[in-house]
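K.L.:
Read off the chains here:
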Amino acid sequence: MSTPYAKLPGWVEYGLIPLTNLAVAFLVAGLVVLLVGENPFEAAYHLINGAFGRGEYIGFTLYYATTFIFTGLAVAVAFHAGLFNIGGEGQAYVGGIGVALACLWLDQVMPWYVVFPLAILGSAFFGALWAFLPGWLQAKRGSHIVITTIMFNFIASSLMVYLLTRVLKPLGSMAPQTRNFAEGGQLPKLDWLLSIFGLNVGTAPFNISFLLALAAAFGVWVLIWRTKLGYEMRTMGHSPSAARYAGIRESRITVITMMISGGLAGMMALNPIMGEQFRMQLDFVQGAGFVGIAVALMGRSHPGGIIPAAILFGVLYQGGAEIAFEMPSISRDMIVIIQGLVILFAGALENMFRPAITRAFAMRGQRAAAVVQTKGA
Amino acid sequence: MDNIAIELRGIDKSFGLVHANKDINLKVRKGTIHGIIGENGAGKSTLMSILYGFYQADSGEIFVDGKPVSIRDPNTAISVGIGMVHQHFMLVENFTVLENVMLGAEDSQILNKGIAKARQELKRLEKEYALEVNPDALIEELPVGLQQRVEILKALYRRADILILDEPTGVLTPAEADHLFRILGQLKAQGKTIILITHKLREIMAITDEVSVMRRGEMVATRTTRETSVEELAELMVGRRVLLRVEKGESSPGDVKLSVQGLTIKDSRGVTMVDDVSFEVRAGEIVGIAGVAGNGQSELLEAIAGIRKATSGTVLLNGKSVDVTGHRDPAELRARGLAHVPEDRHHVGLVLKFEESENSILGYHHDPRYLNGAFLNIDAIRKDAEEKIAKYDIRPPNARLKTANFSGGNQQKIVLAREMERGPDVLIIGQPTRGVDVGAIEFIHKRIIEMRDQGKAVLLVSVELDEIRSLSDRILVMFAGRVVGERSPEATEGELGLLMAGVEGRKEAAE
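Residue numbers (our numbering), protein chains in the order written: chain A, 2 to 378; chain B, 34 to 544.
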């Protein structure tokens with residue numbers, strides 16, 4: 002049989018189609034706002050203004066985006082090997098232990114640039130550890146990774162409650178959190194980066210882990226498309242039977258992929274712990290692990306797509322908070338609905354407009370060919 | 034014009050940028066068997082799907098019995114008397130024959146009345162067309178030949194006057210195919226019109242009255258079968274002269290390169306798939322394994338290639354033992370000189386979403402030539418792929434094109450180039466030309482013979498008996514997991530056919 006849809010130019014495939022989906026998502030979201038009895042244009046204004054209106058707002062948007070880049074990359078790496086890691090939430094949470102330990106150990110004696118690398122290693126190590134167990138269980142015992150990773154989210158949650166109320170909590174404190182870090186446990190802000198554009202970061206916790214996230218995105222690209230391991234992961238992801246044929250060991254790739262994925266999720270902890278709160282507190286992940294799934298879906302599991310998708314979700318978080326603040330009849334939950342619509346149209350209904358767009362381009366292509374022919378004659 | 038059952042005028046259909054049918058005109062006379070041949074991707078299936086209402090043509094008209102009709106979906110196709118027998122049967126496996134025949138034509142919400150009526154009607158059809166089949170048998174318990182008969186009954190039950198058969202003999206033994214042709218003859222005698230889509234020229238010559246040839250979406254010719262020849266049809270299909278017979282010299286077998294002793298394979302449910310099979314393949318010979326699909330050939334190949342675990346038995350590669358029952362590593366076998374062209378190139382031999390060049394290293398990606406440490410050496414990989422593309426005439430010659438966008442024949446060439454260019458000692462090949470166009474078949478057959486002449490040991494599995502006969506130096510026939518006989522390629526098709534059906538084999542075993 003012939004392929005049902007011919008190949009589209011890159012800018013249509015990766016530009017026009019996602020943007021169309023996004024536009025429709027916002028259109029439907031606008032209708033929802035209308036149903037609540039509010040003015041959708043006003044909501045849109047607050048969304049955009051809240052996300053980009055001032056240097057400080059942009060700082061917040063990019064702060065959230067940093068978090069989502071890490072969790073999005075984590076999900077994407079696993080996707081490439083055909084694994085659905087929905088345990089990013091728990092892996093990021095446990096990854097916090099690595100960050101906290103490095104900071105608690107050295108924050109008073111070492112500058113941030115010594116503590117930061119150790120915190121990176123620590124967060125990646127604990128995140129990887131938390132993903133290793135489900136990976137190993139899948140490889141050796143056949144326990145499905147979707148089930149085990151989601152269960153591990155709950156175990157992580159209980160573990161962290163235990164650690165933060167019994168082990169890491171300073172004596173005499175009532176709050177389930179570590180002590181505040183000294184200077185060595187605080188990441189510098191990227192105020193200079195924004196000031197290049199004449200913006201003032203203000204109180205926004207936009208910090209250096211953003212650059213780490215960008216580096217991680219590049220690293221993931223290299224891993225997936227330029228290394229032997231990445232080649233084996235993709236082979237397994239596209240066709241397990243072809244991987245078996247090629248002598249690629251499924252169990253080995255499963256475990257390694259999950260550890261890389263978990264490590265990336267764990268690194269997410271750097272951003273809130275060392276970049277904003279300067280302590281580890283209960284529930285600091287706040288659903289970012291799950292948002293990572295949406296980010297990876299929308300970014301087509303490609304770092305080049307994940308970064309803009311993460312920024313989009315940063316906009317929804319930051320601008321959404323602004324809407325909720327300015328328009329009291331639109332609650333925080335409404336923002337979740339809008340986020341849901343974006344996921345629905347960009348992820349699940351990704352192919353809804355594809356046939357029509359493809360047809361339009363086929364027609365245009367034929368006309369162009371006809372023009373060439375007449376010219377030739 | 035009364036005797037025209039179907040006429041197509043100017044049918045045109047595009048899928049995006051792919052122009053699948055270009056201005057097709059076709060007349061099928063009533064009460065005849067009309068063959069439609071063409072290479073894969075020539076547009077045969079698309080054309081028939083338009084006729085049966087799966088797709089709508091972009092432009093053009095369809096006339097049934099001289100009246101213009103618009104076929105929007107399969108239901109309208111049935112209502113104007115067109116029935117289809119699909120290549121992959123569309124039967125519900127755990128329903129009975131009767132239930133399958135009724136499905137979608139139950140007449141009323143309450144089944145009982147309908148069942149009685151259907152049973153009666155089915156009896157009448159069986160008698161009229163000599164299509165015996167037990168109406169209460171479960172589909173999954175019927176052999177494929179009978180399942181196909183149920184498909185035909187289904188169409189007749191819906192009062193089809195025009196039957197479309199899409200590659201009907203692909204899954205049948207020669208004897209079953211003969212039986213099908215007798216049934217088709219009977220249907221024709223009763224005044225039914227039959228459209229037969231196939232790529233097998235022999236079938237066209239044997240039973241059709243007229244034949245239309247498609248090439249690259251166009252209808253290039255219609256001939257009266259009696260007045261044409263296999264050579265002419267092949268030339269029309271490909272657009273150039275084709276060698277149908279493979280020319281090959283005498284083989285000169287050398288040392289034993291692959292030795293299989295007492296190999297037994299059971300599947301996960303404990304069903305024996307391969308039963309105590311032993312044979313040897315020597316350097317410089319092609320050993321063909323003939324058999325109807327599903328008689329253990331696939332499992333045998335997979336076990337030798339290290340993909341499937343064998344229950345017992347030994348395999349020697351270049352005189353050294355392969356651990357077929359324990360730890361198997363296809364990568365290690367490749368390093369020891371075994372190359373494997375798997376039966377299923379779509380799911381096993383290739384990753385369709387990969388670039389061509391990425392597939393050209395599949396399984397050999399450990400080779401330092403393709404690597405810089407842990408990194409892929411993209412330049413070296415692409416250069417290597419381009420050399421293979423040139424040598425095997427893979428089209429389009431673009432190492433960066435997604436593999437799914439190559440035609441079946443070119444995809445198979447990608448696999449062959451990868452496996453053959455390593456210069457293996459032993460080459461095992463499953464279904465080398467399945468879904469491959471005639472032009473590429475010629476090329477692939479020549480390459481296989483060349484491998485033999487270079488002193489490689491070749492083990493060939495194919496369900497195409499013609500292919501086995503023309504390539505092999507020795508033929509083993511498998512039936513129900515056992516090798517039931519060895520013949521020389523001079524053995525007649527009838528003799529091999531009986532072995533494949535298990536008839537002769539049982540006698541031999543009894544003796």
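Read the hints as simulated data drawn from the structure, not as lab findings. Just so you know, even glycine gets a beta-carbon here, dropped at the ideal spot from N, CA and C. Please note: incorrect hints may appear among the correct ones.
[Said to hold, decoys possible] Straight-line alpha carbon distances no greater than 20 Å define the calculated DMTMM-like cross-link-like pairs of lysine to aspartate or glutamate that follow:
| # | chain 1 | residue 1 | chain 2 | residue 2 |
| --- | --- | --- | --- | --- |
| 1 | B | K299 | B | E283 |
| 2 | A | K229 | B | D400 |
| 3 | B | K146 | B | E126 |
| 4 | A | K229 | B | E388 |
| 5 | B | K386 | A | E251 |
| 6 | A | K229 | B | D362 |
| 7 | B | K233 | B | E265 |
| 8 | A | K229 | B | E265 |
| 9 | B | K221 | B | E159 |
| 10 | A | K229 | B | E209 |
| 11 | B | K233 | B | E243 |
| 12 | B | K386 | A | E351 |
| 13 | A | K141 | B | D362 |
| 14 | B | K435 | A | E43 |
| 15 | B | K342 | A | E351 |
| 16 | B | K386 | A | E14 |
| 17 | B | K100 | B | E132 |
| 18 | B | K281 | B | D45 |
[As the list claims (entries may be wrong)] Computed, partial: chain A to chain B, Cβ under 8 Å:
| # | residue |
| --- | --- |
| 19 | V13 |
| 20 | S158 |
| 21 | S159 |
| 22 | K229 |
| 23 | R245 |
| 24 | P309 |
K.L.:
Look at each hint and say if it fits the structure.
P.N.:
Here is how each hint holds up against the structure:
{"no.": "1", "hint": "B:K299 to B:E283", "in the structure": "37 Å, violated"}
{"no.": "2", "hint": "A:K229 to B:D400", "in the structure": "10 Å, holds"}
{"no.": "3", "hint": "B:K146 to B:E126", "in the structure": "23 Å, violated"}
{"no.": "4", "hint": "A:K229 to B:E388", "in the structure": "15 Å, holds"}
{"no.": "5", "hint": "B:K386 to A:E251", "in the structure": "19 Å, holds"}
{"no.": "6", "hint": "A:K229 to B:D362", "in the structure": "18 Å, holds"}
{"no.": "7", "hint": "B:K233 to B:E265", "in the structure": "14 Å, holds"}
{"no.": "8", "hint": "A:K229 to B:E265", "in the structure": "49 Å, violated"}
{"no.": "9", "hint": "B:K221 to B:E159", "in the structure": "15 Å, holds"}
{"no.": "10", "hint": "A:K229 to B:E209", "in the structure": "49 Å, violated"}
{"no.": "11", "hint": "B:K233 to B:E243", "in the structure": "15 Å, holds"}
{"no.": "12", "hint": "B:K386 to A:E351", "in the structure": "18 Å, holds"}
{"no.": "13", "hint": "A:K141 to B:D362", "in the structure": "17 Å, holds"}
{"no.": "14", "hint": "B:K435 to A:E43", "in the structure": "46 Å, violated"}
{"no.": "15", "hint": "B:K342 to A:E351", "in the structure": "41 Å, violated"}
{"no.": "16", "hint": "B:K386 to A:E14", "in the structure": "16 Å, holds"}
{"no.": "17", "hint": "B:K100 to B:E132", "in the structure": "33 Å, violated"}
{"no.": "18", "hint": "B:K281 to B:D45", "in the structure": "43 Å, violated"}
{"no.": "19", "hint": "V13", "in the structure": "12 Å, violated"}
{"no.": "20", "hint": "S158", "in the structure": "36 Å, violated"}
{"no.": "21", "hint": "S159", "in the structure": "38 Å, violated"}
{"no.": "22", "hint": "K229", "in the structure": "6 Å, holds"}
{"no.": "23", "hint": "R245", "in the structure": "6 Å, holds"}
{"no.": "24", "hint": "P309", "in the structure": "23 Å, violated"}
Hint check: violations occur at hints 1, 3, 8, 10, 14, 15, 17, 18, 19, 20, 21, 24; the rest are consistent with the structure.
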